[in-house]
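Undergrad: Numbering (this note's numbering), first residue to last: 1 to 259.
The reader is advised that the hints may include incorrect statements.
[As the list claims (entries may be wrong)] Keeping only pairs whose Cα atoms sit at most 25 Å apart, straight-line, the calculated PhoX-like set for lysine-lysine is:
id, residue 1, residue 2
1, Lys123, Lys142
2, Lys48, Lys117
3, Lys142, Lys82
4, Lys42, Lys80
5, Lys82, Lys123
[Stated by the list, open to error] Each pair of labels, with its calculated beta carbon distance range:
id, residue 1, residue 2, range
6, Glu124, Glu103, 12 to 22 Å
7, Asp162, Glu112, 37 to 47 Å
8, Glu92, Met6, 34 to 44 Å
Worth flagging that the hints you see were computed from the coordinates, not collected in a lab.
Don't be surprised by glycine CBs; every beta carbon is placed ideally from N, CA and C.
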Amino acid sequence: KEQTGMSFEDYKAETKNQFLTRRVIGQEVSSKISISKAEAQKYYDENKAEFQREERVFLREIFLGTDGKDAKAQEAVEKKAKDLVARARRGEKFGDLARENSESETAQNEGELPPYKRGELLKEVEDVIWPAARNTAVDPIKRPNGWLLLFVEEHHQAGLADFEEVQGEITNKLYTPRMEPAIRAYLTQLRQEAFLEIREGFTDTGAAPGKSTKWTDPAQLKPETITKEEVAMQVRKKRLLWAVPVPGTAVKVKSTSKS
């Protein structure tokens, strides 16, 4: 809050708006975009050069320090290290354990480390890591200043990666370029169906084609007969539009709804 320069109430409202925006986009746009396995397989078959790999391991870490601790405290650290490995092996997320327990700077990133090729790690670490299967928490490794806990998230073998190994990566690659136009189409639909007030002197850079947003005095509008269901739908659309940024700008245009 202090870093943003906002008051607490503004910060809380902004956070709520961001959450609602993500939720609406997820329900109304993201959920309707799907990448079939056949599409992913076709991309893989046509772009195999992208999936030639060097052998690398992808790790997460937890570090528990022992510097300055007496013998009893060091025993407690060793016990904690073994307990954390046991918890990870029982199914707890290693990233969560890292965030909550690690004394390394990587704790804020759930212990994530950069990928390593063979020869880039200490031999005593490499000897433990290299034979381990993916999604494995290895035994704690004693270091001069503490205990190192490592989780093998992925182990890419050299050569062409299997389709199953990269299917998720391909799906994300194909999904991303479809997302932006889908969001713009959704926002355009909202703007076509919702009432907006654009005052004189302002330009609506995100106006839907053929939709006038010139100011009209509400007192001059003619009443219309409308059902309760239609009223509820209009209110919902106004609320959604209020929470979503105008395409092509960083400005949010509020509807006249006070809800």
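Undergrad: All the hints need checking, so say for each whether the structure fits it.
TA: Status of the hints after comparison with the structure:
Among the hinted pairs, Lys123 with Lys142 is consistent with the structure: their alpha-carbon atoms are about 13 Å apart, no more than 25 Å. This hinted pair checks out: Lys48 and Lys117 have alpha carbons roughly 21 Å apart, not beyond 25 Å. Only pairs whose Cα atoms come within 25 Å are accepted, and Lys142 paired with Lys82 is accepted, the gap being roughly 11 Å. Our distance criterion of 25 Å between C-alpha atoms is broken by Lys42 and Lys80, whose separation comes to about 48 Å.
Simply put, Lys82 and Lys123 have alpha-carbon atoms about 22 Å apart, close enough for the 25 Å limit, and the pair holds. In this structure the hint that Glu124 and Glu103 lie 12 to 22 Å apart at CB holds, the actual value being about 20 Å. Remark: the range hint 37 to 47 Å for Asp162 to Glu112 is contradicted by a beta-carbon distance near 23 Å. The given range of 34 to 44 Å is respected by Glu92 and Met6, whose C-beta atoms sit roughly 36 Å from each other.
Checked against the numbered hints given earlier, the structure breaks hints 4, 7 and satisfies all the rest.
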